[in-house]
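What follows is each chain in one-letter form.
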Amino acid sequence: MDFDFLGEHPSVPIGCAILAILYWGACRLTGRRPTSRQAGWFVLALITIFFTHTAIDEFADDRIFFMHMLQHLLQTFVIPPLLLLGTPDWMLRPWVMSRPVRPFARFFTNPVVAFLLFSAVFVSAHFPAVFDRMCRDENFHIFLHVCFMVSGVIMWWPILSPLPELPRVSYPAQIMYLFLLMIPMTAVAAPITLANQVIYGWYLEGPHGWGIKPMDDQVLGGLLMWIGQGTYLMAVFTAIFFKWSRKEDQDMPVLPETPRPRLRVVS
Amino acid sequence: MSRRAFSLGAMSILAAFLSGCASNRELPMTTLAPKSDLGQWIYHLFIEVTLWDALILAIVLIAFILAVFIFSTRVGEAAPPKSAASDLKLEIAWTVGPALVILMISVPTVRTVFRSQPRVAPADSLHIRVIAHQWWWEFQYPDSKVITANELHIPVNRPIRLDLVSSDVIHSFWVPQLGGKRDVVPGQINELTFEANVPGMYPGQCAEFCGDSHANMRFRVMVETPEQFAEWTKLQQAVPVAVDQITDASVADGAKVFADSPCTSCHRIDGVSKGYIAPDLTHFGSRTTMAGGIMANTPDNVAKWITDPQALKPGALMPPLGLRGQQLNDLVAYLESLK
Amino acid sequence: MAAHPKPLHVEPANYLQGGGVIGWLTTVDHKRIAVLYGVSALLFLGLGGLEAMAIRIQLWAPGEHFISARAYNELFTMHGTSMLFLAVMPLLLGTFANFMLPLQIGARDVAFPRINALSFWVSLMGAILLHLGWFFGGLPDAGWFGYANLTERMYSPGLPLDFWTLGLIVAGASTILATLNFLVTLITMRAPGMSYMRMPMFCWAIMITSILVLLAFPPLTVGLIFLLMDRFFGTHFYIVSAGATPILWQHLFWLFGHPEVYIIALPAFGVISEVVPTFSRKPLFGYPMMAYSICLIAFLSYGVWGHHMFATGMGPVADAAFAVTSMLIAIPTGIKIFSWIATVWGGSLRMTTSFYFALGMILEFTFGGLSGIMHASAPIDLQQTDSYFVVAHFHYVLFGGAVFAILAGIFYWWPKVTGKMLSERLGKLQFWLTIIGFNGTFFPMHFLGMWGMPRRIYTYGAGLGWTHLNQLETVCAMILGLAFLVMYINMVWSIANGEKAPPDPWDGRSLEWSVASPPPVYNFARIPEVRGRDAWWIVKYGRTGSRGLAAYMSGKPPQPSAADLAPPAEPIHMPAPSIFPLILSIGVLVASLGVIIGEWRIVILGAVTLVVAAIAMGFEYPTFGQESHDPMAAPSSGGTDVRKVGIWSFIGSECLFFASLIATYIIYKGRNIGGPGAEILEIPLTSFSTFALLMSSLAMVLALAAIQRNDRTWMRVWLGTTIGLGLVFLGVEAYEFTHFYHEGLSLQTDLFGQSFFTLVGFHGAHVSIGVLWLATLWFASFGEKFDGSRSLSVELAGLYWHFVDIVWVIIFTLVYLMQQVKGA
Amino acid sequence: MSEATQTAGAIATHDHADQPHHPGAGIYLIVALFLCVLTAMEITVFYVPALKTVIVPVLLVLAAAKFALIAMFFMHLKYDSWTLSGIFIFPLFIAAFMLASLMMLFAYLAHHLA
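Residue numbers (the numbering used here), protein chains in the order written: chain A, 1 to 267; chain B, 268 to 606; chain C, 607 to 1430; chain D, 1431 to 1544.
Certain hints may be false.
[Stated by the list, open to error] Computed beta-carbon distance windows for the label pairs: (1) D:Ala1455 to C:Phe1225: 28 to 34 Å; (2) B:Ile359 to A:Leu44: 20 to 26 Å; (3) D:Met1471 to A:Ala39: 49 to 55 Å; (4) C:Glu1176 to D:Leu1459: 44 to 50 Å; (5) D:Met1471 to A:Arg133: 25 to 31 Å; (6) A:Gly230 to B:Gln307: 30 to 36 Å; (7) D:Gly1454 to C:Pro1174: 41 to 47 Å; (8) C:Glu1288 to A:Trp95: 51 to 57 Å; (9) C:Pro763 to D:Tyr1477: 47 to 53 Å; (10) A:Ala39 to D:Leu1459: 32 to 38 Å; (11) A:Ile47 to C:Gln1426: 52 to 58 Å.
Hint data in this document are derived by calculation from the structure and do not stem from the laboratory. The C-beta atom is built at its ideal place from N, Cα and C for all residues, glycine as well.
Okay, chain A solo, but in the shape it has when bound:
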């Protein structure tokens, strides 16, 4: 059979299609419909997945390192939150809370575990040996990208969990969590930015597109990851702070009204 119509990376449309079918199937099976907001997030997630892995891969073929970094950031910081926002709780509950899965779900959505798992995946994927293999081996590349997205979903779970059974952590804890996430991200970005030679051999092995020198490209990619993730995480936890502030003031339980205070006018 000829899969040419699927483009260079057939796994991408196939993956998107599977996700969409699952989503639709779940709706049919349960006979419920997601809210339009959830559906919107989900569609947005699919679109992002599609473009992240087709349009940006085009640049990756030109050995543009910073586009590759952008792709990783989208895979870990944008797609997982969109997926979590787009998935209704009733869709996940039957299988996430099912008897065989539940203990694993409990374990992996623990914020400490989620944090460590994601950090481990993200940091180890950027070791030169792993990274170069990823660039050369298409299947390994796909595998790692799926790893990014899966560990990303787990990482974002404590922030955006749709399931009250596996709840989000409290707002201040969310802030702390995202704040600490800067450590593994910086641990990856800083050495890339500050290195005084090209770390990943693959980028030296072929022609470099766009007329950028591999070294500059690397610094750019490192900076994108360093400042990009920093700004992004900061924006997110700023938003969380304001959510928290609203909860802590307006949404606080109103105390029972005591008798009206006795006021008097000072003469």
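Dock chains B, C and D against chain A, hints included.
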């Protein structure tokens, strides 16, 4: 380009205002009339930041004045205010606005940081070793083997690379007209690279507190034409007249006083003594100032200094020698003869 | 409280009455402690001002001989040191925060009242130490920043710097104690309904400031300990000939020094955020944003210390990074300024002296902030640092920002503290004198700096064009001095003849205005219930602001009624006074003096006094180790006991202490020249002691588990095991140290030796304190009342013990197992 | 009075109203066992020459694991309120940041020794 033209125009107005306050001659240590490339870079950055600052200040001032003067009513005269306790758009505006300004400032800042600290010295640069002491400066020219104190001679329009080292505590090398300062840290070599582009005499001073006489640790930089500089170098390389060939009687007596005095253990005079912890006096007479640049090099001042250094420079390490009368005059004459 | 019992007759009526001198010496009342802080701080403010005026007189003309070079250096050193550590910080934290925090959050006292007293007395001892030089050969003269290696005995012989070093260590310790108290109070003791986001902004500022202090002072303490060891024990932490670098001091100092700027500025912001809404009769604009910007400023302040060191040659990468981070601070700071102006905007302004100063602060601080952006740009800083431009900048920040805020705060809270009003007329006079004097003194300094005048010079040459501006500044400095004289007169006049203050003179918004002026000893007859931000305002005017309006419109804002102010219907048990904080701090003073004069018997005397007083403080109440035996005064928050939050905050602070020591070790290990290096360390032996310490942690948790199920016998067994294993660890360490000593490695040998012994030695000292603590518990466990309900005492000791254990985990890895890895 | 304080317990708190329950001796023993094993691994790593090249990351990970075990179980952070973890983790972050920056800054200075 128009932004650039605008900022240049605004810069020159501001520059005219700042330097117009007093001319260069009245303010020999001003940072506002730079005479080197380093100084110019810093100055332009300074003006740019000042303009942004002025813009922000204007906004704050206008808002402040309006707020205070419109609403300063007496208590009880007006109903309680109803205006909002927050306004998202405003708040975003005054977060993003300053952030953009910061971006505008940080780009030239980072550029200047890297430009002003080249990892290797420019190819044809003149290397000078600056040794800071409590409380005077020693300058060594490794190429010409010249050693001098408190007066640094450099050629104009040639990159200068200073290797700054300290013999005791932390000092800071600062010639305001020739650019920013650089600390002189013991145990560490700091570098300063610049290129002076107007000949002249520029006073400098230690800028890091370094003990009792920190205020008295001054020096001068003489920026000279290449010819003048070559001539000066030649003069400094010359071996002084041997003691037994001195013709002037007073000077000859002074030479004897010097040779027999404790001076020799600290001061060096080529061919006479080998001390190294105090300024090299081989060409003392050729300098315009003395004692860490705090006073003019005149026989009177030299005599005063030798009589009681601590009175002129608290904490100075040189002990009073107890020389008087003729001996003192002879010694002064000898020192002044060392051109 | 269903029925309304007859109010009790309470003696005394307010916190200022009764007790006599002994009452003040043994007080644990946060309000009295605040007053003590205030009196001493105002004294040092005056002294620091006089020092500044002497400095200005000396700079009147080139070659002026008003004072000697040495005296000038002493004066600017003491001016900086006392203004920061003895005047501004104590006023903001010791006085304002101490007095107002419990009142603003609806609490009866701070979390640890006796530690609060202790922190005041210790800080007083620190102040005494700093000034003892008057009588022993001169004051410290190396600048408030005390840059090494000028502070080494080689360049600064004599006692003055010994006093400075110890005085700062002592003052720093007291600040850590004080802010630990504030942090725990704010986390655990808020009144019902007072969520974090309903706290007055001042409380937010103090909460974040406390975190800053807890994490910023340890590096300074470590730096000072190094200096102390260099001066007394012959180590070479800053001595170049041994391979060390004086730059280490600068990093440790500015790691403290830059957060210190915010330790002063944030409470000042807090004061302004109280004063401006009150006198604008509007809620604070953008409250969440204001709280958030405080957090951001505090967080960023840890990453910018390098901007004080641009000239030291850190390299372009570090310069650029520090420059950009420093500039970022402008964003949250700008948010604050704009939000204040927006608060004023549309308000119904009441132009009191306090509001004058607050408005003045907004303007002057903006100036200081803008010139700050200039130094943040590293190349510009090279022209400005250590010149008068910087002097102008930080006076605009510290005087224009902090002192103006303090003055606003003094006029704002004076009626609450003393029960008397200050004269508005004198206040306005003082304001205009201050504005003229302040700007006249410090604005021309910008120009002097740009014209090349360096800082810290006792004299300058003629013909440099600096004379006229210096003379202008000197004149204006005298005007500024006059302004403060007016304030002192105003204060004395107010106490003697001032108008009596109503409970709520300013139509205030937060809870301190709902109690009498001056407040009763117990603060609140009934703990208030909070229904939103601006808790007291809501009580007065309702959430919609419609209630009580008529009263306001008639020019007489509503006041708490007599019934509200009535004494409580049930007895309130307040913490009892204690003499031990004073005795403990005297022990500190005696021990420090002993160190300085080198008389070890006196040191031991002081140390024994200190330890005995500390243990006595622990045993003072029937509930062992409990700070307050009144559960009302120290409620627990969500199952998290105050003491547990306290010990965790302390542990957090200790993290920075050990991190500084470890950093020094790693840095100096790489610079070691000659002498034995890390290869001397023996793994088998320390593996054994590591094992012992790990197992002691196990024994410790088993002891806790035992007492939790009320099993005293097994608790004693396990506690004993813990102590035993701790002693084994200490024994191995003692053996190791003696062994190294015989091998030729001593504290003075080389950089490796000194940093190794210091790091491991301080850890050993912590273990010893832990053993002492556990032993005390062990003995206490034979007491009658020691049962499961006291398990928290064991848990607290355990937390400390485990922390010491995890520090060892790090040390064992970084020092012992990585011995072959090269240092930084 | 007591009424007021009870409300304090119920409202001034955030998410964790119950007294934390600590684990029993069994968990403690298991954790201690892990600690011993990890220490043994550390010492092994030190003595095996083949691991010289990766000794730093391996030792750091092992030490971090021990650190986390003690903090989470012996110091009950796993069971106690988030506030306490925050009070501990933030200083740790700052300390780690300080350590890393100082090492980098002094590594640069090491090239400029006189």
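Verification of the supplied hints:
1. D:Ala1455 to C:Phe1225: 28 to 34 Å: Because 30 Å falls inside the window, the suggested range holds.
2. B:Ile359 to A:Leu44: 20 to 26 Å: For Leu44 (chain A) against Ile359 (chain B), whose Cβ atoms are near 23 Å apart, the range 20 to 26 Å holds.
3. D:Met1471 to A:Ala39: 49 to 55 Å: holds, 50 Å
4. C:Glu1176 to D:Leu1459: 44 to 50 Å: Holds: the Cβ-Cβ distance is about 48 Å, inside 44 to 50 Å.
5. D:Met1471 to A:Arg133: 25 to 31 Å: Check passed, 28 Å falls within 25 to 31 Å.
6. A:Gly230 to B:Gln307: 30 to 36 Å: holds, 34 Å
7. D:Gly1454 to C:Pro1174: 41 to 47 Å: Holds, at about 44 Å.
8. C:Glu1288 to A:Trp95: 51 to 57 Å: Cβ of Glu1288 (chain C) to Cβ of Trp95 (chain A): about 56 Å, so the range 51 to 57 Å holds.
9. C:Pro763 to D:Tyr1477: 47 to 53 Å: Taking Cβ atoms as reference, Pro763 (chain C) and Tyr1477 (chain D) lie about 49 Å apart, which means the hint holds.
10. A:Ala39 to D:Leu1459: 32 to 38 Å: About 51 Å separates the Cβ atoms of Ala39 (chain A) and Leu1459 (chain D), which means 32 to 38 Å is violated.
11. A:Ile47 to C:Gln1426: 52 to 58 Å: holds, 53 Å
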